[in-house]
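Peer 1: Letter by letter, the chains look like this.
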Amino acid sequence: MADFDTIEPVDDGEILYRRIPVSTGWYQPDKQPPLEPEAFRPAQSDTSGISVSRAKYTSLEQAACGRPGKDYYVAVFHAGELRVAGLEVTAKPVEGNPGHAEIPSLRYENRKSRQAIEWRFLLAHRLCLRVEGPFHSPQK
Amino acid sequence: VLIETLRQGSKMPVLEVPQTLPERIEYLLHPVVDFETAHAPLSETHAVAWQERLDQLSAWSRDPEQLSDEAIEAPSRHMLGLAMDVAAVLRDRNIEAPDRMIPNGDGGIVFRWRSCDFTWSLELEADGSMETSLMEENKLVCRHTLHVQATR
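Chains A and B, in that order, give the protein sequences.
With the numbering used here as the guide, the letters of the first sequence map in order to residues 1 to 140.
With the numbering used here as the guide, the letters of the second sequence map in order to residues 1 to 152.
No incorrect hints appear here.
With a cut-off of at most 30 Å between alpha-carbon atoms, the simulated BS3-like pairs for lysine-lysine come out as follows:
#	chain 1	residue 1	chain 2	residue 2
1	A	Lys140	A	Lys56
2	A	Lys112	A	Lys92
3	A	Lys70	A	Lys92
4	A	Lys92	A	Lys140
5	A	Lys31	B	Lys139
6	A	Lys112	B	Lys139
Cβ-to-Cβ under 8 Å is the rule here; a few derived chain A residues that face chain B:
#	residue
7	Thr24
8	Gly25
9	Trp26
10	Arg41
11	Ser45
12	Gly66
13	Lys70
14	Leu122
15	Arg126
It should be emphasised that the hints constitute simulated quantities derived from the structure, not laboratory data.
Where a beta carbon is used, it is the ideal one built from N, C-alpha and C, also for glycine.
Okay, chain A solo, but in the shape it has when bound (with noise of 0.2 Å):
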């Protein structure tokens, strides 16, 4: 469990990361817009938003890492255009990862709204700087 009395805040300078399996294709290079919406949508366990890494306390290897023996893309924001588009971006550490945070914004109760769906192509097709990768995941 975090110590909520010393977590640090997002600042709007900082930037984050988001994790994409190469499988769903949701991220294709040769395709233009080559970042799919659905690389954003919440969960169902995405009950308080979706996750990203902060690169302040994570390499974009440790944000590509996901399931053993897979591959994955990880697309980069700066935190305050998200804020600027009215995204909400809340630091949320979690045991064994301090730069976890979220985007409560993004939550699997509101992703059929209309404010969620535009926020989700504007974060596929306006406000993703860049996508580094493909990284491979281990075998443990």
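For chain A, the structure is supplied; the task is to place chain B on it using the hints.
Peer 2: For chain B alone, coordinates are given in the frame of chain A:
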């Protein structure tokens, strides 16, 4: 022209609930596609593109788990079968193959077409509902959903 028609407003009947898959697709696409006018047959390029989409769905169907990940639900074989049926109906109606066909991350499949600033999506949800939506750049212009289960 088709997307402009959808952007300007739907002429969809609201009281009739379509039951069969072709009826459901026709209902959802009615604002975009005039099914009463015969369409020119698909070019060979689009016919090949549809075959590629069907081959992709078939490959996913052999191993749906390849699409699953942490918190990402892969489409079931049933869903992929439904997506193949939808693809076949669209192809047989001479609709161009979608620019993208991807899992939605929640057990469903998305067919997506793009034209200039417009993005038109047909989404098959895990619960059997179907939704069409039109985006102009990053703004949602309109969407229509059919919640009832399709009969295959």
